[in-house]
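Chains as they are written, first to last, in my numbering: chain A, 1 to 385; chain B, 1 to 277.
The set of hints was computed from the structure by calculation and includes no laboratory data.
Some clues are possibly wrong.
Quick list of in silico lysine-lysine cross-link-like pairs, DSBU-like style, CA-CA up to 35 Å [said to hold, decoys possible]: (1) Lys313(A) - Lys220(B); (2) Lys234(A) - Lys210(B); (3) Lys313(A) - Lys210(B); (4) Lys225(B) - Lys142(A); (5) Lys234(A) - Lys105(B); (6) Lys105(B) - Lys142(A); (7) Lys105(B) - Lys353(A); (8) Lys223(B) - Lys311(A); (9) Lys208(A) - Lys353(A).
Everything numeric in this text was worked out from a predicted model, so none of it was measured.
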Amino acid sequence: MAASIRRSIQLQKLLKNLRVLPQATPSQRTNVTASASSVEKFSKYGGRNTVTVLTGDGVGPELLKHVQEIFRYAGAPVVFEEVNINVETTDEEFLNQALLSVGRNGVALKGNIATNHESTVPSMNVKLRTDLKLFGSIVRCKSMPGVPTRHAGIDMVLIRENTEGEYSNLEHENVQGVIESLKIITEAKSTNIARYAFEYAKKHGRKKVTAVHKANIMKLGDGLFLNCCRNVSKDYPEIEFNDMIIDNASMQMVSRPQQFDVLVMPNLYGNILSNIATGLVGGSGVVGGMNIGEDYAVFEMGTRNTGLSLKGKNIANPTGLLLASCDMLDYLGHYRHATLIRESVLNVLNEKKVHTPDLGGQATTTDVVQAIIQELKPKTKAWLV
Amino acid sequence: MANVKRLLSSILSSSGKLIQRNYSSGGKRLVTMIPGDGIGPEISSSVQQIFGAAGAPIDWEEVDVTPVKGADGNFHLPQKVFDSMAVTKVGLKGPLATPIGKGHKSLNLALRKAFSLYANVRPCKSIEGFKTPYDDVDLVTIRENTEGEYSGIEHTIVDGVVQSIKLITEQASMRVAEYAFEYARNNNRHTVVAVHKANIMRMSDGLFLKCCRHVAEKNKDIKFKEMYLDTVCLNMVQDPTQFDVLVMPNLYGDILSMKIQNYMSEVSKHDHLPARN
Numbered sequence: 001m002a003a004s005i006r007r008s009i010q011l012q013k014l015l016k017n018l019r020v021l022p023q024a025t026p027s028q029r030t031n032v033t034a035s036a037s038s039v040e041k042f043s044k045y046g047g048r049n050t051v052t053v054l055t056g057d058g059v060g061p062e063l064l065k066h067v068q069e070i071f072r073y074a075g076a077p078v079v080f081e082e083v084n085i086n087v088e089t090t091d092e093e094f095l096n097q098a099l100l101s102v103g104r105n106g107v108a109l110k111g112n113i114a115t116n117h118e119s120t121v122p123s124m125n126v127k128l129r130t131d132l133k134l135f136g137s138i139v140r141c142k143s144m145p146g147v148p149t150r151h152a153g154i155d156m157v158l159i160r161e162n163t164e165g166e167y168s169n170l171e172h173e174n175v176q177g178v179i180e181s182l183k184i185i186t187e188a189k190s191t192n193i194a195r196y197a198f199e200y201a202k203k204h205g206r207k208k209v210t211a212v213h214k215a216n217i218m219k220l221g222d223g224l225f226l227n228c229c230r231n232v233s234k235d236y237p238e239i240e241f242n243d244m245i246i247d248n249a250s251m252q253m254v255s256r257p258q259q260f261d262v263l264v265m266p267n268l269y270g271n272i273l274s275n276i277a278t279g280l281v282g283g284s285g286v287v288g289g290m291n292i293g294e295d296y297a298v299f300e301m302g303t304r305n306t307g308l309s310l311k312g313k314n315i316a317n318p319t320g321l322l323l324a325s326c327d328m329l330d331y332l333g334h335y336r337h338a339t340l341i342r343e344s345v346l347n348v349l350n351e352k353k354v355h356t357p358d359l360g361g362q363a364t365t366t367d368v369v370q371a372i373i374q375e376l377k378p379k380t381k382a383w384l385v
Numbered sequence: 001m002a003n004v005k006r007l008l009s010s011i012l013s014s015s016g017k018l019i020q021r022n023y024s025s026g027g028k029r030l031v032t033m034i035p036g037d038g039i040g041p042e043i044s045s046s047v048q049q050i051f052g053a054a055g056a057p058i059d060w061e062e063v064d065v066t067p068v069k070g071a072d073g074n075f076h077l078p079q080k081v082f083d084s085m086a087v088t089k090v091g092l093k094g095p096l097a098t099p100i101g102k103g104h105k106s107l108n109l110a111l112r113k114a115f116s117l118y119a120n121v122r123p124c125k126s127i128e129g130f131k132t133p134y135d136d137v138d139l140v141t142i143r144e145n146t147e148g149e150y151s152g153i154e155h156t157i158v159d160g161v162v163q164s165i166k167l168i169t170e171q172a173s174m175r176v177a178e179y180a181f182e183y184a185r186n187n188n189r190h191t192v193v194a195v196h197k198a199n200i201m202r203m204s205d206g207l208f209l210k211c212c213r214h215v216a217e218k219n220k221d222i223k224f225k226e227m228y229l230d231t232v233c234l235n236m237v238q239d240p241t242q243f244d245v246l247v248m249p250n251l252y253g254d255i256l257s258m259k260i261q262n263y264m265s266e267v268s269k270h271d272h273l274p275a276r277n
């Protein structure tokens with residue numbers, strides 16, 4: 001008995017390493033899964049992973065509750081550890097506890113935390129990313145058949161450097177009325193993100209990587225970033241590499257977005273372009289995003305909005321956060337459940353067309369969630385048979 | 001009375017040059033033309049031809065802005081540009097290319113700094129009959145033109161670490177905010193939206209925002225809103241008709257206005273040169 005259990009555990013580990021478990025179709029999976037050696041770094045007990053949930057502000061808490069509900073119906077082997085962090089959290093100790101929780105579990109789901117402009121405390125979202133060394137932010141924007149948009153055939157991945165650049169939080173006032181803000185670009189981080197972008201492209205069969213910069217004006221800073229990308233591209237001759245200035249890139253994105261495949265860029269330009277791209281495929285309600293580090297990963301909505309105006313009205317679109325959660329399941333290695341939930345969400349979005357007001361529909365958030373659950377139920381029953 | 005008249009006429013005749021300075025013979029207005037690079041010369045000559053055919057009272061004075069090496073070894077704009085603009089006060093400029101990663105600094109920036117062209121105004125309006133994915137667009141972007149991310153101050157701190165300085169001053173922010181509200185009033189616009197990223201860049205964009213708010217207090221007849229840059233980008237591609245006048249620092253203005261231009265039919269851009277300069 002004990003021997004057979006040991007053998008089955010060994011077999012499971014072997015299978016995980018070989019990735020023979022049913023995987024999501026390449027067209028839908030967006031993220032890089034954790035490497036086999038890093039499976040041990042997740043907090044896992046009895047086959048169930050523990051995931052930190054950072055509730056945030058605005059629509060974050062309510063959408064995260066829906067995610068947990070859907071996971072329960074799907075039988076996803078995930079236990080949630082809720083951490084109520086929001087704009088009112090001023091206690092340094094509490095923030096450290098939140099970071100410790102993510103560090104312990106290895107993975108988190110996050111709602112966006114609002115920022116109080118008057119306070120001098122740096123943005124908690126930024127602090128989280130820098131402390132956990134989440135060097136890359138990945139947002140995949142893909143046209144969905146059921147969402148009406150002006151452009152079709154978009155399928156691009158935006159990889160953005162997540163910890164330096166304009167978001168360094170280094171500002172000072174030398175003279176009254178004159179403020180300097182420092183944008184830091186380092187060779188190490190630029191090379192790191194460029195390598196990650198090319199590895200991602202190679203792994204997912206992408207053909208082209210475009211570096212976005214403003215090296216005509218910021219010759220040293222963005223020039224360094226561009227050089228790092230160029231150097232890394234030499235190691236990947238099979239992947240086409242080109243570069244584009246940010247204003248041209250944003251122009252091209254609104255006129256011919258189909259030309260873009262994988263984009264890699266510093267922090268601020270990534271913020272701008274991922275918002276543009278998200279708007280083109282249907283808005284912040286349908287796009288999920290992830291923040292990847294060496295050791296940790298945090299999954300959230302693609303455009304990091306708090307949605308304060310939608311709070312409590314039951315009209316926010318849960319699709320984006322659900323898709324991000326499916327990416328999280330893929331990352332943890334639970335491919336079957338990820339595929340199940342993702343397919344159900346996309347069916348409700350594209351086939352059944354249960355749309356919230358941001359997509360031009362009349363449905364409420366709970367309508368969408370219930371529709372997804374109805375999709376899930378027969379499929380999970382089939383597993384038990 | 002006659003003495004006063006004589007005094008006045010003598011003053012006027014001696015300063016005849018002062019009054020007549022913008023006009024060449026024939027009552028036409030003299031304008032500096034900077035053809036630029038790439039397609040610049042072609043489109044500039046097209047403008048000259050069409051103006052000529054329409055009989056517009058404009059005389060063109062072409063200047064080349066290729067930088068020359070000064071005594072200190074740095075590249076500067078040629079003196080001819082300054083001389084010409086001092087007389088004409090108005091210029092029409094084609095695109096000027098800037099080498100990437102090395103070479104001389106941007107001539108566009110140099111021109112703007114040299115003549116204190118503090119506001120870049122780009123009206124974007126859909127043209128009837130020219131179909132684009134976006135209809136009924138009618139907005140104006142006003143961008144601070146002299147500082148911000150384009151200050152050109154960069155250093156290599158240690159090998160592999162570079163710092164670029166974004167400069168925001170109260171004076172420049174107030175100036176462009178005041179111009180934005182003045183423009184809105186003069187052109188029957190209802191709303192001015194300040195675009196910023198003060199959640200991340202607290203002090204710098206915070207200062208810009210404070211200046212905009214201060215000016216908004218003095219212009220209560222125009223509606224004032226603040227929006228994050230990413231929210232504006234997101235909403236702009238979904239519904240650009242909701243925007244009226246946008247005011248923002250240098251980089252955001254560059255990106256946003258270029259983006260909007262591309263899906264608008266009419267590409268109309270001009271650097272504003274205030275009359276008192």
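Right, here's what the structure says about each hint:
1. Lys313(A) - Lys220(B): Distance ~32 Å between Lys313(A) and Lys220(B) Cα, so the pair holds.
2. Lys234(A) - Lys210(B): violated, 47 Å
3. Lys313(A) - Lys210(B): holds, 32 Å
4. Lys225(B) - Lys142(A): holds, 32 Å
5. Lys234(A) - Lys105(B): holds, 28 Å
6. Lys105(B) - Lys142(A): violated, 38 Å
7. Lys105(B) - Lys353(A): Not OK: Lys105(B) and Lys353(A) at ~53 Å, beyond 35 Å, violated.
8. Lys223(B) - Lys311(A): holds, 25 Å
9. Lys208(A) - Lys353(A): holds, 33 Å
When held up to the earlier numbered hints, the structure conflicts with 2, 6 and 7 and fits the remainder.
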